[in-house]
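When you get a sec, could you build the whole thing from the sequences and use the hints?
There are 2 protein chains.
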Amino acid sequence: MLLPTAAALLAAAPVQVASQPKPEAVLKTKAYVSAVQILDRDHDRMVDEIIKLTEIPAPPFKEAARAAAYRDMLIDAGLADVEIDAEGNAMGIYRGTGPVGGPAVMIAAHLDTVFPEGTPIKVRREGTRLHAPGVGDDTRSLAVLLAYARAMKESGIKVKQDIIFVGNVGEEGPGDLRGVRYLLTKGKYKDRVKTFVSMDGSDPSRIVTGGVGSKRYRVTFKGPGGHSFSAFGLVNPMAAMSQTIADFYKIPVPAKPKTTYAASVTGGGTSVNSIPNEVFIEFDMRSEDPSELAKLEQAFLAVVKKGVETENAARSVKEGAITADIKPIGDRPAGETAATQPIVRYAHAIISALGLSPRSASSSTDANLPMSLGVPAVTIGSGGEGGRAHALDEWIDVEKTKSLHGASVGLGILLATAGVK
Amino acid sequence: MLLPTAAALLAAAPVQVASQPKPEAVLKTKAYVSAVQILDRDHDRMVDEIIKLTEIPAPPFKEAARAAAYRDMLIDAGLADVEIDAEGNAMGIYRGTGPVGGPAVMIAAHLDTVFPEGTPIKVRREGTRLHAPGVGDDTRSLAVLLAYARAMKESGIKVKQDIIFVGNVGEEGPGDLRGVRYLLTKGKYKDRVKTFVSMDGSDPSRIVTGGVGSKRYRVTFKGPGGHSFSAFGLVNPMAAMSQTIADFYKIPVPAKPKTTYAASVTGGGTSVNSIPNEVFIEFDMRSEDPSELAKLEQAFLAVVKKGVETENAARSVKEGAITADIKPIGDRPAGETAATQPIVRYAHAIISALGLSPRSASSSTDANLPMSLGVPAVTIGSGGEGGRAHALDEWIDVEKTKSLHGASVGLGILLATAGVK
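Protein sequence lines, in the order shown, are assigned to chains A and B.
Numbering follows UniProt numbering, with no gaps: position 131 of the first sequence is 131.
Numbering follows UniProt numbering, with no gaps: position 253 of the second sequence is 253.
These are calculated hints, taken from the structure and not from any lab test.
Here the structure is a predicted model, which means the values were calculated and not measured.
Worth double-checking, as some hints may not be accurate.
Short, incomplete list of chain A residues facing chain B, as computed with Cβ under 10 Å [to be verified]:
no., residue
1, Ile84
2, Asp85
3, Thr119
4, Pro120
5, Phe229
6, Ser242
7, Gln243
8, Asn312
9, Thr401
Beta carbons: idealized from backbone N, C-alpha and C, even for Gly.
In structure tokens:
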């Protein structure tokens with residue numbers, strides 16, 4: 001956790017702009033220009049790799065097949081020390097010229113998608129549009145990182161700090177960012193990562209510097225169950241759950257600071273002709289403001305209580321009453337990277353220099369975790385356009401000009417951060 | 001379907017009691033007395049077989065393992081022509097002395113339970129109580145039928161009509177009584193079955209002569225889905241479904257004629273951090289009175305419509321609106337067996353003669369199907385006591401006196417119906 005006093009000191013420190021080269025100077029280097037030419041030449045290959053990776057299923061906790069494929073691609077890209085760590089993250093190093101074991105930049109795209117096993121993930125191509133669940137969130141970024149590594153290698157780019165390229169697990173599902181958490185609290189590079197960049201989504205003008213906190217719960221409503229006809233009149237956990245969700249969806253939340261909720265995954269029941277013994281529902285709540293998130297969480301707990309009480313009052317409890325087992329399944333830390341941090345300044349400068357209007361945003365991404373640990377971190381886009389993340393009709397547009405332009409932004413930010421010799 | 005005129009004729013026909021032996025006379029026959037002594041002697045074996053069969057899983061449509069075991073037990077009991085038919089019913093014949101291919105009595109217990117694959121079904125025994133999902137509904141009856149066949153065989157009982165013993169599939173789940181439907185509309189004995197007895201549940205004083213009709217639906221709510229944070233504000237099919245269920249549980253229904261409903265099985269959702277694309281819920285509705293069932297069905301359809309409209313009005317439909325796919329998954333025919341039918345009169349007489357107070361009831365059982373075809377049918381209990389059918393804490397009591405007494409009722413009804421030489 002970045003201590004408030006330290007943060008204040010950093011914010012107050014005069015920025016030594018005059019004594020340093022401007023970050024956008026990297027864009028003029030022969031190294032960068034050469035690498036972007038290679039990205040241009042190899043754009044079709046990058047698109048092919050987006051498709052290849054998208055079509056390997058990677059539900060939360062089931063990223064292994066995609067991780068193995070990605071490891072092989074990292075090796076093929078010429079990185080060093082390529083491996084899959086104990087949590088399932090695939091990673092490899094682009095060696096810098098700095099001291100062995102010195103400060104490093106970690107750039108990561110997440111392997112996992114939100115889509116459960118069995119979801120059709122074949123990519124449908126229409127012109128320059130690719131349609132498939134997970135294609136933009138976050139599979140394009142995985143392919144862009146491979147393209148960076150290859151282009152840097154071929155151009156012979158020398159960077160000061162090691163760059164650790166990662167395809168990480170555990171961004172989407174439960175587990176509180178288990179992939180990045182492992183990398184930064186247990187992994188072999190945990191003490192070396194001084195800057196963390198998550199590449200997630202497409203928009204290259206957006207810099208996520210605020211980590212939206214989230215609270216997630218799985219609530220299991222339980223009751224006595226019974227025969228739908230002969231035991232009719234007994235309390236039904238389905239009715240209690242439904243009342244809870246209906247009331248949950250009436251909770252007012254502010255548009256600013258942005259505060260959101262969702263009732264997302266459900267299941268349960270014995271058979272069509274039985275009052276169920278138990279049913280469950282998962283909830284997701286988020287806010288840019290921790291106090292709004294806390295208020296929402298209290299309102300949530302109150303509607304669960306009311307849902308249970310309403311059902312126990314409405315029907316018979318002679319065989320047992322409805323109870324709710326309220327289990328926290330996610331608690332993503334909120335965090336922020338100060339505008340004065342080099343990574344934020346570099347990102348702004350590079351985005352502007354490449355003709356876009358940088359805008360800071362808050363979101364809940366892998367960068368939340370380093371932010372919460374005090375490691376400067378941002379999330380940036382990988383270029384092109386996209387939409388409908390987390391929906392079955394997710395898409396990206398890989399029209400070459402825009403796709404390449406966006407990808408060149410991230411490369412500039414990465415090289416400026418690692419430092420080009 | 002029993003035509004009203006035919007039913008009226010039957011009801012109006014003078015019952016030739018004087019010219020026939022009283023049905024309870026069967027209880028005095030050497031054959032019956034001997035068979036009951038064997039049931040007594042072999043009671044422990046029957047209990048063992050209840051346990052053995054209960055511990056073989058038999059979810060709807062997945063009865064094959066239990067059917068195979070039951071077929072072997074029917075062979076072992078000495079029945080003829082034992083087989084599993086194309087629908088999955090296990091059956092065998094106790095030959096009568098009547099003409100080959102003549103009228104027959106079918107007595108059936110259902111193999112399937114309501115419990116899905118993976119439900120723990122190990123029997124827990126506490127004194128004379130057996131606890132396990134499905135132990136009473138309807139596994140005890142399967143074991144009782146085996147005990148009947150063995151006792152009749154050993155006693156050398158000669159019956160006039162063939163008795164077809166069946167362990168049938170498809171009573172609990174969807175499929176509109178597919179097991180008995182096959183037996184009576186397609187199976188090899190379909191034209192020979194002139195009386196149908198379903199043994200289901202425990203109470204030996206109850207005669208189900210009314211078939212409660214049921215309507216079952218699976219409703220799938222669909223919407224655009226999206227990211228829980230970035231797409232917050234879009235319509236959520238989970239909210240529409242919850243509103244529907246909450247409203248459904250406010251529909252008033254009469255206690256008499258008994259009319260019931262249940263929201264029973266649910267599922268769906270993409271991931272905890274996604275607005276789902278689709279979720280589903282299954283509904284069961286029943287009534288002793290077809291017009292009450294029709295009223296309930298209309299009220300149900302209205303709440304689904306309202307649930308969808310409420311959600312589409314509450315949140316944004318810019319990416320698409322909520323729709324509900326309303327699919328009928330069950331439509332069990334209602335039916336009735338007239339009090340003047342021999343099977344009903346025999347059951348009343350035997351139950352009374354054995355010291356119990358017979359009572360007619362309505363339920364939704366395998367007997368609904370023959371009733372709807374005009375085949376005289378009842379459902380009777382297999383003896384002992386039991387409770388909590390369709391719940392995980394289902395139990396039966398096999399205390400010997402009561403268990404045997406109840407079982408001897410069914411045997412008397414069966415022999416009176418088939419006719420003892």
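Here's how the hints hold up against the structure:
Annotation: interface hint on A:Ile84 violated; nearest CB of chain B at approximately 23 Å, more than 10 Å. Below 10 Å, beta-carbon pairs count as interface contacts, and A:Asp85 has none with chain B, the closest being about 23 Å; its hint is therefore violated. At a threshold of 10 Å, the smallest CB-CB gap from A:Thr119 to chain B is about 8 Å, leaving the interface hint in force. Proximity of A:Pro120 to chain B is violated relative to the hint, the smallest CB-CB distance being about 12 Å (cut-off 10 Å).
Because the closest C-beta pair between A:Phe229 and chain B is about 5 Å apart, less than 10 Å, the hint holds. Interface hint status for A:Ser242: upheld, as the beta-carbon distance to the closest one in chain B is roughly 4 Å, under 10 Å. This hint holds: A:Gln243 has a C-beta 5 Å from the nearest C-beta of chain B, less than the 10 Å allowed. The interface hint given for A:Asn312 is broken, as the beta carbon of that residue sits about 13 Å from the closest beta carbon of chain B, more than 10 Å.
For A:Thr401, the suggested interface contact is broken, since its CB lies about 25 Å from the closest CB of chain B, more than 10 Å.
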